[in-house]
Amino acid sequence: MSVEKQNKDSTPGLPLYGRGTEGEAILSPIEKIKTESNGLRGTIKESLHDEITGAIREDDQALIKFHGMYQQDDRDRREERAEKKLDRLYSFMIRLRLPGGFLTSDQWIAMHQIAGENSTGVIKITTRQTIQLHGIFKSKIKPTIQAFNAAKLDSIATCGDINRNVMCSAHPKQSKIHAEIFSYADKISTQLMPKTKAWYEIWLNEEKVFDKKEEEDPLYQERYLPRKFKIAIAIPPNNDVDVFANDIGLIAIIENDKLQGFNIAIGGGLSTTHG
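So that you can map any letter, position 274 of the sequence shown is 274 in the working numbering, and since no number is skipped, the others follow by simple counting.
Please keep in mind that the hints were generated in silico from the structure rather than gathered at the bench. A virtual CB, placed ideally from N, CA and C, is assigned to each residue, including glycine. Do not take every clue at face value.
As the list claims (entries may be wrong) - Simulated pairs of lysine to aspartate or glutamate, DMTMM-like, Cα-Cα distance not exceeding 20 angstroms:
hint, residue 1, residue 2
1, Lys140, Glu46
2, Lys140, Glu201
3, Lys152, Glu206
4, Lys197, Asp242
5, Lys195, Asp154
6, Lys228, Asp242
7, Lys197, Asp217
8, Lys195, Glu180
9, Lys197, Glu36
What the hints assert, rightly or not - Label pairs and their in silico Cβ distance ranges:
hint, residue 1, residue 2, range
10, Asn238, Glu117, 11 to 21 angstroms
11, Phe262, Glu117, 33 to 43 angstroms
12, Asp74, Glu214, 36 to 46 angstroms
13, Leu86, Pro237, 51 to 61 angstroms
14, Glu117, Ile266, 38 to 48 angstroms
15, Ala179, Ile123, 17 to 27 angstroms
16, Lys213, Ala179, 16 to 26 angstroms
17, Asp186, Gln146, 17 to 27 angstroms
18, Ile253, Trp108, 43 to 53 angstroms
19, Glu58, Lys176, 41 to 51 angstroms
Starting from the given sequences, assemble the full structure and let the hints guide the process.
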């Protein structure tokens, strides 16, 4: 079977790697992994139970992004460990879902405790108004996420080919307008979460979903998005969220101290390469 470059008449909505000799769609390796992942489950559970290595299986490395994490390793110790014929020192980064960057004081205190117990102890605040913890070993992933959940926090869809953390302009005086507009960031984030219950099954030990209709996802389907998708809400005159750099930017229309709606800007991000 030969593979040709994607044709202009490709099936709408289907990211292609090419077409076979009979015109059938051939998915790229990453699209194939997502499509065959059983709702982003893959073999993540099996990877977690593998005590031979601190890493997870290669295909699962693509899937855990949708669960809010990346596999990493200590680059400074690669040569040392290679000389000793040891596996790389693998660990994981976990990123929280914080629409509008909102975190209560109790959640912030919980973050400090979780970071100290399960990671390097360093809390990184990102440019998309969320928080990352690094240096989490494989055996600590589940306890970390369960501790997040106890603090009413989650890491669902903060990485991967999906809608990422929704940003919203900050306001030092916490005006009524800001509170109203923040509620839109929260609603958008919730509405665009994946329908699969894999995150709850794997990390919180919830019961497995047997009825696939419960997980039907008309928005993302089985392939999810070709790349990450970014949304931000700006409250004029401030543009602290860099609204035009996002795939969708919502710019609040405020008249007489009341929200009238939004102007919409599109196409600021639209990442074209996978990595």
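*Is it true that the CA of Lys197 sits at most 20 angstroms from the CA of Glu36?*
holds (16 angstroms)
*For the pair supplied as a hint, Lys140 and Glu46, confirm whether the alpha-carbon distance does not exceed 20 angstroms.*
holds (15 angstroms)
*asked:* Does the beta carbon distance between Ile253 and Trp108 stay inside 43 to 53 angstroms, or does it fall outside?
replied: violated (32 angstroms)
_If I claimed the Cβ atoms of Phe262 and Glu117 lie 33 to 43 angstroms apart, would that claim hold in this structure?_
holds (41 angstroms)
*Are the Cα positions of Lys228 and Asp242 separated by 20 angstroms at most?*
holds (17 angstroms)
*Would you mind confirming whether the straight-line C-alpha gap from Lys140 to Glu201 stays at or under 20 angstroms?*
holds (17 angstroms)
*Does 36 to 46 angstroms hold as the CB distance between Asp74 and Glu214, or does it fail?*
About 40 angstroms separates the Cβ atoms of Asp74 and Glu214, which means 36 to 46 angstroms holds.
*How does the Cβ-Cβ distance of Asp186 and Gln146 compare with 17 to 27 angstroms: does it lie in that range?*
Distance hint for Asp186, Gln146 holds at roughly 23 angstroms.
*Given a hinted range of 17 to 27 angstroms, is it respected by the beta-carbon distance of Ala179 and Ile123?*
holds (25 angstroms)
*Hey, Lys197 versus Asp242, does the alpha-carbon distance stay inside 20 angstroms?*
Given pair Lys197, Asp242 is violated - Cα atoms ~32 angstroms apart, limit 20 angstroms.
*Decide if the proposed pair is consistent with the structure: Lys195 and Glu180, CA atoms, cutoff 20 angstroms inclusive.*
Measuring from Cα to Cα gives roughly 26 angstroms; hence the hint is violated.
*Indicate whether the distance between the beta carbons of Lys213 and Ala179 respects the range 16 to 26 angstroms.*
For Ala179 against Lys213, whose Cβ atoms are near 37 angstroms apart, the range 16 to 26 angstroms is violated.
When each numbered hint is compared with the structure, violations occur for hints 4, 8, 10, 16, 18.
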